[in-house]
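Hints given; two lone chains; assemble the complex.
Chains A and B supply the protein sequences, listed in that same order.
With the first sequence counted from 1, adding 131 to any position gets you my numbering.
With the second sequence counted from 1, adding 33 to any position gets you my numbering.
Think of the hints as simulated: they come from the structure by calculation, not from any bench.
Careful: at least some of the hints might be erroneous.
So, partial list: chain B residues that the calculated Cβ filter (under 7 Å) puts toward chain A [said to hold, decoys possible]:
| hint | residue |
| --- | --- |
| 1 | Ala36 |
| 2 | Phe41 |
| 3 | Ser54 |
| 4 | Arg58 |
| 5 | Leu69 |
| 6 | Val102 |
| 7 | Ala103 |
| 8 | Met157 |
| 9 | Gly160 |
| 10 | Leu163 |
| 11 | Ala170 |
These numbers come from a predicted model, not from an experiment.
Where a beta carbon is used, it is the ideal one built from N, C-alpha and C, also for glycine.
Here's the letter readout for the chains.
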Amino acid sequence: MSNFTPLSSLIGGILIGLSASAMLLFDGKITGISGIVAGLLRPVRGETAWKTCFIVGLLTGGLLLRLFLPGAFAFGIVRPWPLLVLAGLLVGFGTRLGNGCTSGHGVCGVSRLSARSIVATATFVATGALTVFITNHLTKG
Amino acid sequence: MRALATSFISGIVFSFGLGISGMTRPIKVIGFLDFLGSWDPSLAFVMIGAISIFFVAFRQSRKMVSPLVAARFAIPTRNDLDSQLLLGSALFGVGWGLGGFCPGPAIVSLAAAAPPAAIFTAAMISGMWLHSWSLRARLSEVRDTATVLGTGADA
Numbered sequence: 132m133s134n135f136t137p138l139s140s141l142i143g144g145i146l147i148g149l150s151a152s153a154m155l156l157f158d159g160k161i162t163g164i165s166g167i168v169a170g171l172l173r174p175v176r177g178e179t180a181w182k183t184c185f186i187v188g189l190l191t192g193g194l195l196l197r198l199f200l201p202g203a204f205a206f207g208i209v210r211p212w213p214l215l216v217l218a219g220l221l222v223g224f225g226t227r228l229g230n231g232c233t234s235g236h237g238v239c240g241v242s243r244l245s246a247r248s249i250v251a252t253a254t255f256v257a258t259g260a261l262t263v264f265i266t267n268h269l270t271k272g
Numbered sequence: 034m035r036a037l038a039t040s041f042i043s044g045i046v047f048s049f050g051l052g053i054s055g056m057t058r059p060i061k062v063i064g065f066l067d068f069l070g071s072w073d074p075s076l077a078f079v080m081i082g083a084i085s086i087f088f089v090a091f092r093q094s095r096k097m098v099s100p101l102v103a104a105r106f107a108i109p110t111r112n113d114l115d116s117q118l119l120l121g122s123a124l125f126g127v128g129w130g131l132g133g134f135c136p137g138p139a140i141v142s143l144a145a146a147a148p149p150a151a152i153f154t155a156a157m158i159s160g161m162w163l164h165s166w167s168l169r170a171r172l173s174e175v176r177d178t179a180t181v182l183g184t185g186a187d188a
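If we strip away everything but chain B, and leave its shape as in the complex, we get (with noise of 0.2 Å):
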């Protein structure tokens, strides 16, 4: 129960971060990614202070034997760059890009019941529906499903 209520807190201060920071506004995403044009390096301060706490807390954890209210730390362990990572995070820049709305703002943008917000989470949630879909009719050749799915998630 302890470990619901600090998803949902963490949920709500989260997208405080997003709102406040300029996350949610795709003129502040994408003027940060405009390096060559009217640059606004707004965005990078975003990372430089969220980096600098989870780098101290994910060192914190390592000393920790299991989390404050859970039964285990669940920290992904691969470390090998494989075509679909990089592949992968290339269309996501791409999306990134021409929206201007990653997938944290475009959830808590639903909240301000704005068209445009609506339009791309919804197309967001197929891309993701597609992949999975995509996942499961190759899987079904190789039939192993349960191993496959349950390795490899970063994030």
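For reference, chain A alone in the conformation it holds in the complex (with noise of 0.2 Å):
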């Protein structure tokens, strides 16, 4: 509980669902991260250019968080690069599998109620938590 930062998470997470509301009202799109990436590797005619405005817009923002919020990337744990490359690996894929990760099932899906993201949500948290227990509290003991 010491990093406990309920406002800033509070006021991180309207922004986020501002920036999806707006997709959805504005360009009629679910805002899911996994897709628009994964889109790009494989573009689909109509599809590209709004996700590359996307894409380029989460780099222009992490650009200015650099400069003026450098704390967001203090990044406080850092695993080796192997786990990184599995970790990746494993996000990469299972994102594609499930159709969706944490801002199309988790906040887009579960606003609309949708069992498919409710049950997805609810899996990779489940299974994030299993991961942490078994690399926190049994490797390091």
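Now the structure itself:
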């Protein structure tokens, strides 16, 4: 509980909600980052431009954060690179197989009361928690 | 053009949300998933904030014939629960708990030019490519690529 930051997390969450809401109400799109990234790997006519603009926006925002809120990139925990590679492969493959990640399922899907997204979110939080339990408490004692 | 401007600005706002909320910091993510250890519930507030806003926006969208600057809404329609959804989400959770990054923060963290974020993101994109490749390998047997690839996305 030592790092509890409810206010900044709530404000950040509201910004994420506003961004996803603008994408829906203006563009008619569901903001699912894994789907957007994967969509650029396998371009479909008419779907590439908005996805590119969104990703360029994410990267631009990242640069602005780096200038004005560098603490956003104080990772705190950095796993050894072989673990990061394994983690990245699992996240990339898993989000495609499961059709979504924290944004598409966790925020947009849960808000839509989609059964698929609620089940997906419960599943990835559960296996994430199990993974953290194993890595934190069993291997390091 | 206005639709693309919306995408760009939304991307910036989304990344601010990720950065301010703590989602770009693996210590916060792993702390949130550490229910049985020293649990940091902060990221639950990200979900509360984001979901309460989007819940209202989605209700509003249902009353609209079309979005404000685009031709139509593209909302997922599937409601079946299949093994791919469960297995994929389970694998994603393991990777999330292991590295502390999910796809959005991974992309945003590229801007920090930090090696861990770059390694993770490169592996993540490889994982996506691997899925696309395995799908295509399977579909080439079916010879029905266009219809299957075009449907069923939640996100």
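These are the hints, each one checked on the structure:
1. Taken as an interface hint, Ala36 (chain B) checks out: its beta carbon lies about 5 Å from the nearest beta carbon of chain A, inside 7 Å.
2. At about 4 Å, the closest approach between the beta carbon of Phe41 (chain B) and any beta carbon in chain A falls short of 7 Å, and the interface hint on this residue holds.
3. The restraint placing Ser54 (chain B) at the interface with chain A holds, with a minimum CB-CB distance near 2 Å, inside the 7 Å limit.
4. Hint on Arg58 (chain B) holds. Least Cβ distance to chain A is approximately 6 Å, under the 7 Å limit.
5. Checking Leu69 (chain B) against chain A: minimum C-beta separation of about 5 Å stays under 7 Å; hint holds.
6. Because the closest C-beta pair between Val102 (chain B) and chain A is about 5 Å apart, less than 7 Å, the hint holds.
7. Restraint check, Ala103 (chain B) versus chain A: the minimum CB separation of about 5 Å is within 7 Å; hint holds.
8. Against a cut-off of 7 Å between C-beta atoms, the interface hint on Met157 (chain B) holds, since the closest Cβ of chain A lies about 4 Å away.
9. A hinted interface residue such as Gly160 (chain B) counts as satisfied when its beta carbon comes closer than 7 Å to some beta carbon of chain A; here the least separation is about 2 Å, so the hint holds.
10. For Leu163 (chain B), the interface hint holds, the least distance from its beta-carbon to any beta-carbon of chain A being 6 Å, beneath 7 Å.
11. For Ala170 (chain B), the interface hint is violated, since its Cβ never comes within 7 Å of a Cβ in chain A; the closest pair sits about 14 Å apart.
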